[in-house]
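Colleague: Here is what each chain is made of, one letter per residue.
4 protein chains.
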Amino acid sequence: MNTTSFFGDMLQAITDRGRRLLSFGPRNEDENPLSTMEMLCETLLSSRGEASGMALATDILAGWQRLDAAQQKAFMHMLLTRFGPKTDRLEKAIDNYRSNPSPKALLELHFASEPRRQELIRRFNLAPNGVASLVRMREALLGIKASDRDLEAVDADFAHLFGSWFNRGFLMLRSINWSTPANILEKIIRYEAVHHIGSWDELRLRLAPDDRRCFAFFHPQLVDDPLIFVEVALTQEIPANIAGLLREERAEIHAKEATTAVFYSISNCQDGLRGISFGNFLIKQVVQDLRRDLPKLETFVTLSPVPAFAAWLAKERDNDASDVLSATDKAKLAALDQPEWWNDDALCEQIRPIITMAAAWYFLKARNSEAKVIDPVARFHLGNGARLERINFLADRSPRALKQSFGLMVNYLYKLDDIETNHEAFAARNEVVAAQTIRKLVPTDKAPKNLIALPQALIATQAKDEQKTNSSKEFHA
Amino acid sequence: MNTTSFFGDMLQAITDRGRRLLSFGPRNEDENPLSTMEMLCETLLSSRGEASGMALATDILAGWQRLDAAQQKAFMHMLLTRFGPKTDRLEKAIDNYRSNPSPKALLELHFASEPRRQELIRRFNLAPNGVASLVRMREALLGIKASDRDLEAVDADFAHLFGSWFNRGFLMLRSINWSTPANILEKIIRYEAVHHIGSWDELRLRLAPDDRRCFAFFHPQLVDDPLIFVEVALTQEIPANIAGLLREERAEIHAKEATTAVFYSISNCQDGLRGISFGNFLIKQVVQDLRRDLPKLETFVTLSPVPAFAAWLAKERDNDASDVLSATDKAKLAALDQPEWWNDDALCEQIRPIITMAAAWYFLKARNSEAKVIDPVARFHLGNGARLERINFLADRSPRALKQSFGLMVNYLYKLDDIETNHEAFAARNEVVAAQTIRKLVPTDKAPKNLIALPQALIATQAKDEQKTNSSKEFHA
Amino acid sequence: MNTTSFFGDMLQAITDRGRRLLSFGPRNEDENPLSTMEMLCETLLSSRGEASGMALATDILAGWQRLDAAQQKAFMHMLLTRFGPKTDRLEKAIDNYRSNPSPKALLELHFASEPRRQELIRRFNLAPNGVASLVRMREALLGIKASDRDLEAVDADFAHLFGSWFNRGFLMLRSINWSTPANILEKIIRYEAVHHIGSWDELRLRLAPDDRRCFAFFHPQLVDDPLIFVEVALTQEIPANIAGLLREERAEIHAKEATTAVFYSISNCQDGLRGISFGNFLIKQVVQDLRRDLPKLETFVTLSPVPAFAAWLAKERDNDASDVLSATDKAKLAALDQPEWWNDDALCEQIRPIITMAAAWYFLKARNSEAKVIDPVARFHLGNGARLERINFLADRSPRALKQSFGLMVNYLYKLDDIETNHEAFAARNEVVAAQTIRKLVPTDKAPKNLIALPQALIATQAKDEQKTNSSKEFHA
Amino acid sequence: MNTTSFFGDMLQAITDRGRRLLSFGPRNEDENPLSTMEMLCETLLSSRGEASGMALATDILAGWQRLDAAQQKAFMHMLLTRFGPKTDRLEKAIDNYRSNPSPKALLELHFASEPRRQELIRRFNLAPNGVASLVRMREALLGIKASDRDLEAVDADFAHLFGSWFNRGFLMLRSINWSTPANILEKIIRYEAVHHIGSWDELRLRLAPDDRRCFAFFHPQLVDDPLIFVEVALTQEIPANIAGLLREERAEIHAKEATTAVFYSISNCQDGLRGISFGNFLIKQVVQDLRRDLPKLETFVTLSPVPAFAAWLAKERDNDASDVLSATDKAKLAALDQPEWWNDDALCEQIRPIITMAAAWYFLKARNSEAKVIDPVARFHLGNGARLERINFLADRSPRALKQSFGLMVNYLYKLDDIETNHEAFAARNEVVAAQTIRKLVPTDKAPKNLIALPQALIATQAKDEQKTNSSKEFHA
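Listed in order, the protein sequences are those of chains U, B, W and D.
The C-terminal position of the first sequence is numbered 477 in UniProt numbering, with every residue numbered one higher than the one before it.
The C-terminal position of the second sequence is numbered 477 in UniProt numbering, with every residue numbered one higher than the one before it.
The C-terminal position of the third sequence is numbered 477 in UniProt numbering, with every residue numbered one higher than the one before it.
The C-terminal position of the fourth sequence is numbered 477 in UniProt numbering, with every residue numbered one higher than the one before it.
Because the hints were derived from the structure by calculation, they are not lab data.
There could be a bad hint or two in this list.
Same chains, same label: a pair holds when it works inside one copy or across any pair of copies.
To be verified - Within a straight-line C-alpha distance of at most 27 Å, the following computed BS3-like cross-link-like pairs (lysine-lysine) qualify: (1) K104 / K73; (2) K92 / K104; (3) K365 / K440; (4) K145 / K256; (5) K256 / K296; (6) K315 / K415.
As the structure is a computational prediction, the values presented were derived from the model and not from experiment.
With the sequences and hints as input, model every part of the structure.
Modeller: So this is what it looks like as structure tokens:
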């Protein structure tokens with residue numbers, strides 16, 4: 001699989017052509033760009049790469065950006081096939097290990113099984129702004145991979161390196177406010193994924209008032225580009241709907257008088273970092289920092305969407321054997337089919353108790369085919385150790401929210417002393433910790449639907465998948 | 001080899017004991033600290049580690065610092081034996097790979113062969129100042145490992161992670177000058193390894209004048225602690241001795257009038273980062289930055305010690321069949337045995353040509369038992385692509401220099417256009433590129449002493465060892 | 001005039017009431033706020049002011065903001081009548097000076113004639129954000145003074161102190177760009193006085209492209225609030241109209257390729273600093289900085305409005321004995337009375353030569369009743385040493401420009417080597433330095449209209465008034 | 001007195017010679033440098049100064065530095081005689097004011113009596129680093145003035161402007177610690193005027209430990225040069241001697257556990273700012289900041305020298321009619337004449353009560369010929385509103401302290417609630433507020449020695465002189 005010796009002549013050509021420190025300059029347009037790229041990559045991995053690594057890496061990353069979609073796909077396949085491990089070394093390492101499984105043999109086996117592209121990607125990072133370019137490269141790879149599962153192995157190498165480079169220990173928490181540079185703020189507008197920011201004036205309403213906060217994680221090599229951010233409202237009670245938080249004419253309070261911090265929006269910013277988990281750390285760090293600066297704060301809570309509720313409820317309404325909804329319930333819920341039902345107070349009051357009860361069931365008892373809690377946002381917060389605190393009927397009247405959840409929102413409560421227990425309950429035993437008021441809405445004798453025969457293996461798998469899911473583009477808070 | 005299930009009871013104890021976010025607080029003194037540490041490490045790797053990672057990592061790193069030398073050694077052996085790969089998963093992965101060597105099987109093999117301690121060390125980094133603590137932990141490990149080669153495998157995991165974390169792409173070049181904070185400057189005094197800095201006044205002479213510069217690499221997570229630094233003198237000619245550069249009453253010039261930048265001292269700062277190479281990148285980056293700021297600079301050169309010359313010369317003097325020294329030469333070199341010979345001008349003139357000739361031989365022809373250039377400083381600069389430019393007789397009269405090299409120093413020239421060719425010549429063909437004046441000192445018909453029967457394998461090894469040697473504590477410039 | 005002793009009792013009341021370092025807290029609402037303010041001011045000037053100056057100043061400035069318009073006016077009159085000089089000391093100083101005009105007597109005369117309010121205002125500055133509060137206080141004073149000329153003397157004291165505090169030596173030039181904090185950028189939007197900035201997107205077009213620059217002066221005590229700023233376009237030729245600079249779809253160039261820097265908008269920001277001149281220094285500093293960073297820049301030029309042209313032309317059209325316009329000219333200029341004449345190309349071509357000729361006359365020959373150049377923007381730039389470089393017909397089609405100048409704009413050229421000569425010609429001899437192409441448009445045998453019998457005294461006055469005029473709210477570039 | 005017209009020809013010469021923005025370059029060496037300087041100063045004040053002010057100011061300040069001592073003195077006399085007010089304008093202003101003392105006439109009188117050199121000095125500030133140059137210029141002036149009292153008037157103008165420019169509102173408090181740049185720290189070493197700092201290691205002991213603090217005022221235009229600084233020790237009791245604070249092996253405490261902040265050294269840094277008072281503000285600001293950061297701090301106290309005590313005691317020992325010392329006291333005090341009496345414990349115990357009693361008298365009753373408290377350090381702290389808290393026998397065994405005060409030190413206590421009352425008592429009624437333990441040492445029936453017939457006028461003078469004295473080079477804390 002190794003092809004180093006194959007490139008002798010072409011390498012010499014490169015060497016002769018020029019030797020600038022920072023770049024070898026543009027290539028001849030006649031050349032097959034992929035051959036050139038492969039040659040450059042081999043050179044970068046060779047001993048010559050030590051002398052001219054920065055120039056080579058710069059050329060490769062610049063070359064990548066000139067590739068069209070088909071060529072980018074071909075480049076990724078080249079990484080897959082040409083830059084895997086050296087197979088002979090690997091075979092020998094396996095043999096050695098099997099004959100004598102010493103630590104040294106293990107070590108060699110691990111190194112021998114490391115695809116050469118891992119070191120290659122590390123060396124790409126020698127280029128100026130290498131990290132940013134590599135994040136964008138993986139963003140492209142994720143797109144390609146969606147229809148080309150062979151590239152999973154290449155993506156695994158990117159993910160592995162990014163997991164190391166974007167380790168929590170390297171992230172910096174920064175406050176985002178109205179004194180933040182505009183080039184960062186325009187990214188906040190662009191990346192906001194939960195409650196759309198329509199203009200700079202709307203942004204100002206979320207950042208400038210004394211009772212609003214925003215925090216983001218940054219990486220030292222991506223100085224102007226946040227990785228994830230959370231928007232916080234400081235209040236004196238747990239809010240029951242989003243409009244009250246976002247409306248322009250609301251009554252502002254002094255931050256020092258606030259008792260409650262509401263995380264009402266969390267957005268991941270970098271598609272290329274999918275699967276690298278930050279949200280968990282972000283929320284906990286922000287809780288810590290807020291408590292230190294504003295000692296009166298006692299309650300840390302989200303106001304979160306319930307994106308999969310409407311779809312689940314539809315199924316239950318169609319389900320003749322529904323455990324959740326009685327025939328009467330179903331009849332009343334017909335109201336949901338009326339246009340603008342949410343503007344009809346009488347209708348609303350009629351369905352409120354049914355929706356609320358169903359939602360409790362949805363969180364506490366309903367499970368998907370993998371025996372997991374259905375709602376992805378719930379999985380994120382419960383997996384972080386939060387507890388389900390309150391169900392808010394018709395709390396978001398935006399078209400998207402009405403469609404996803406009939407406007408339903410919930411609060412997840414972060415109580416530092418309970419985080420670990422809650423997390424354990426959820427991660428190890430699949431239990432959803434919820435406030436008593438919610439638990440009472442659901443009959444206790446009925447066991448969670450799909451959980452009964454749940455094999456232990458599934459639970460283990462779940463914990464792992466959880467981690468991936470948590471890192472999807474959008475953490476609806 | 002995996003012991004996860006073993007700890008159920010103890011884990012519960014931890015869980016019950018307390019759940020603070022940042023630390024679980026001090027342990028009971030009765031406990032065996034190593035058992036506790038192992039338990040904490042297992043927990044950190046478990047799903048609970050996701051909820052309380054920061055607290056666990058903080059406790060472990062704090063606990064490590066309380067261990068005595070024997071316990072630290074035991075801790076490292078615990079990492080070796082308890083936190084290797086999961087053997088059953090690995091066996092299965094090998095089997096799968098052998099039956100179907102697909103990319104996916106390869107990937108699984110690579111992950112399955114990764115020792116669990118790699119992920120563990122990554123999670124240690126969740127603690128505040130995790131990176132700094134881990135660098136110090138490895139510093140201790142290197143000391144332990146010197147007499148305990150089993151721990152090589154553990155060190156390999158540290159080195160692997162550090163190689164990724166201290167990738168050139170993450171390093172920041174900063175100018176060190178007289179406006180630099182004192183807490184950083186005192187580290188420059190402490191870390192200077194080539195020409196001792198005796199006081200703050202001496203430091204000032206190296207930093208404050210307009211014709212002096214100093215640059216260091218920093219890592220974002222080690223803000224006040226340089227990784228490596230280089231001291232530079234701006235001059236109008238290539239200096240022939242160190243005293244002229246360091247003396248207090250010298251004539252200062254304006255930086256803008258300088259034509260030559262002299263790298264007269266390079267020091268690595270962090271023992272814990274041994275083997276992670278920075279010096280190569282540092283010199284090249286400094287050359288670039290200086291050229292940009294001071295366009296008149298044309299020559300980039302070192303003034304470097306020759307630490308292994310005296311020992312080699314002693315052997316040649318004792319060697320009756322020396323190719324290097326004639327009987328007459330040897331007779332004249334008896335002068336070196338006279339006390340304070342260096343203060344006797346007549347003696348000096350007598351031995352100057354012999355020393356100079358011998359030095360040329362030492363660099364160009366003499367080789368060690370591994371067929372490498374003998375001098376470690378030469379290997380560093382030649383490996384970086386510099387060329388040997390000039391041999392300076394009696395250029396450093398400090399006791400150490402007189403002992404190591406009879407006061408000999410040399411200049412290595414960094415010419416950007418030639419760096420790659422020079423590097424190739426040295427790395428691939430073991431050739432030392434030197435100025436014509438030096439080459440002429442050595443008869444060309446004689447082949448390098450040890451090179452004649454050199455097996456190809458040795459040369460290959462050399463390139464690899466080179467990399468390690470370059471990163472020794474002290475890069476005499 | 002001095003009333004110190006008058007306040008004994010009330011002072012004691014203050015002393016008894018509380019002694020906090022930073023503020024004495026809110027007053028009793030029953031009190032006459034002006035009596036309280038007067039008492040606080042006296043205390044601040046007294047020896048007690050030395051011990052509690054910060055608290056007193058804070059209370060006074062906070063109290064001022066609670067005054068209504070009538071009270072603010074009364075406060076200013078209090079400063080005028082109660083905080084003038086001590087008359088007996090002044091009388092004695094005059095007598096001493098007249099009997100023996102020694103330097104010492106002069107010094108005492110100067111100090112004795114200093115109104116006590118000057119020291120009072122200096123002590124107001126002890127309050128946190130004192131400078132900002134005082135600038136706003138003077139802004140209010142300027143409004144009051146407009147209809148109450150007695151307060152001229154109070155304003156003179158503010159102006160005197162501000163002249164010292166906002167001395168060029170204390171101002172910092174900062175680049176304003178898309179990385180500037182949003183709270184400063186929103187002030188740029190608000191303060192822009194020449195070419196309206198309609199939105200953040202428009203602002204971005206003026207700051208973010210590589211061929212756009214913006215610079216502002218800041219004062220160390222007004223960190224987030226610019227004093228004056230200039231917007232610059234980098235081009236390859238002198239622009240003939242504003243639309244080409246501001247339009248979104250224009251072709252951007254690399255800053256390094258630009259040969260010409262165009263100052264197309266200068267705005268003063270602080271009404272309270274009226275009469276303190278910054279624009280002159282700003283332009284020259286920006287020229288210097290741009291030349292240093294972009295050595296290819298050769299031409300520094302404005303694109304400026306001509307705000308008083310239309311009014312002057314109207315008078316000439318009505319003037320039967322106009323030296324400027326012939327009967328034919330007047331007939332053709334009837335086109336200006338047609339609606340949207342500027343969209344009729346034929347009409348435009350018909351009037352272009354007449355407007356251009358008239359404009360040359362307007363600058364070179366026409367003078368106002370004080371024998372000065374009529375156009376205030378011209379007075380600013382010519383007074384700075386620029387020369388009139390080009391007249392641009394129909395260069396700004398905004399409603400305001402069409403009304404003020406029939407869309408006419410001009411370029412003033414800043415050539416560093418000529419600045420002093422040009423300034424001298426204008427300041428001392430009332431001469432307008434203009435490009436040859438402009439001078440040729442005007443018959444040379446006719447002397448400037450009002451200049452003929454100009455008494456020398458008027459010219460002297462002019463230079464002084466000039467200085468004031470330069471600092472009006474809006475420096476149309 | 002005005003000579004503007006005199007320079008026509010020479011001005012033209014300047015104008016012709018060159019017109020660079022930043023400097024007109026070096027002068028011809030043949031020229032009389034003072035004539036040139038005068039001409040440049042006149043030009044800077046002229047209208048041409050508006051166009052080329054920065055270049056002119058730069059040349060003048062550079063020229064000043066090339067003057068020798070005699071020329072600098074001549075330059076100052078030139079400022080005195082050539083740049084006073086315009087006498088004719090002043091005469092007219094006096095006449096107008098006498099005929100109609102309107103606010104406008106007063107204003108004109110004030111402006112007309114302002115020496116032209118005030119505006120000249122303001123324009124000097126246009127030069128880069130103008131403020132720093134002017135502070136050094138005044139430092140020279142103070143030296144010249146010492147033997148040339150005519151220049152008092154020139155110094156008054158510098159002092160007046162500096163009073164405005166170095167207004168408290170413009171000063172920035174910065175913490176000085178071990179992370180402060182070395183170029184600032186070396187100034188702390190140099191400027192320390194109370195307890196000598198012998199080396200960087202000693203400096204480190206005062207800055208780096210957790211229970212040590214240092215704060216300085218900076219001016220925005222003197223970024224690397226402190227104006228005044230105070231060194232603070234955080235302790236758990238009021239210290240009784242200096243050695244305990246400064247010794248290397250003392251027991252360090254955590255800052256958070258400290259109850260007491262000890263100001264043990266205050267030093268003014270800029271001779272050129274003599275008479276501009278900062279110390280008062282510095283102490284109060286530091287008290288505020290420390291209280292905010294370390295809420296456990298309750299006591300703010302100095303440990304101060306008593307520099308005039310030994311001289312006063314000598315007089316009392318010689319005074320046959322001393323009210324302070326009895327014959328017995330005097331006999332016992334003969335011990336002070338023994339060499340190294342301070343090392344003889346028995347002797348020390350013998351004289352301790354007498355010294356302590358005499359010190360109480362020295363502070364509470366003894367007054368100088370102007371009826372003021374004798375000790376300058378006492379005047380500073382009591383004038384700031386501190387109270388005399390404790391007398392410490394043999395608290396500083398340094399040679400200087402033994403000579404000045406037989407090693408006596410005292411504590412002054414800063415209690416925020418009492419500062420204003422204390423200040424009033426001292427400033428208005430000449431009363432020294434002291435702790436009861438000190439008051440009891442002095443018989444109450446005896447009135448302060450020189451105070452009995454004290455005319456009111458003297459007290460008033462005192463307050464004024466006080467202000468000057470407070471600003472002497474050295475504020476022994």
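Colleague: Confirm or reject each hint.
Modeller: To see whether the hints hold, each was checked on the structure:
1. K104 / K73: between (37 Å within a copy, 18 Å between copies)
2. K92 / K104: both (13 Å within a copy, 20 Å between copies)
3. K365 / K440: Only inside one copy: K365 and K440 sit 13 Å apart there, 82 Å across copies, limit 27 Å.
4. K145 / K256: Close neither inside one copy (49 Å) nor across copies (41 Å); limit 27 Å.
5. K256 / K296: Intra 7 Å, inter 21 Å, cutoff 27 Å: intra and inter.
6. K315 / K415: For K315 and K415, the Cα distance exceeds 27 Å both inside one copy (34 Å) and across copies (73 Å).
In this structure, the earlier hints numbered 4 and 6 are contradicted, and the remaining ones agree with it.
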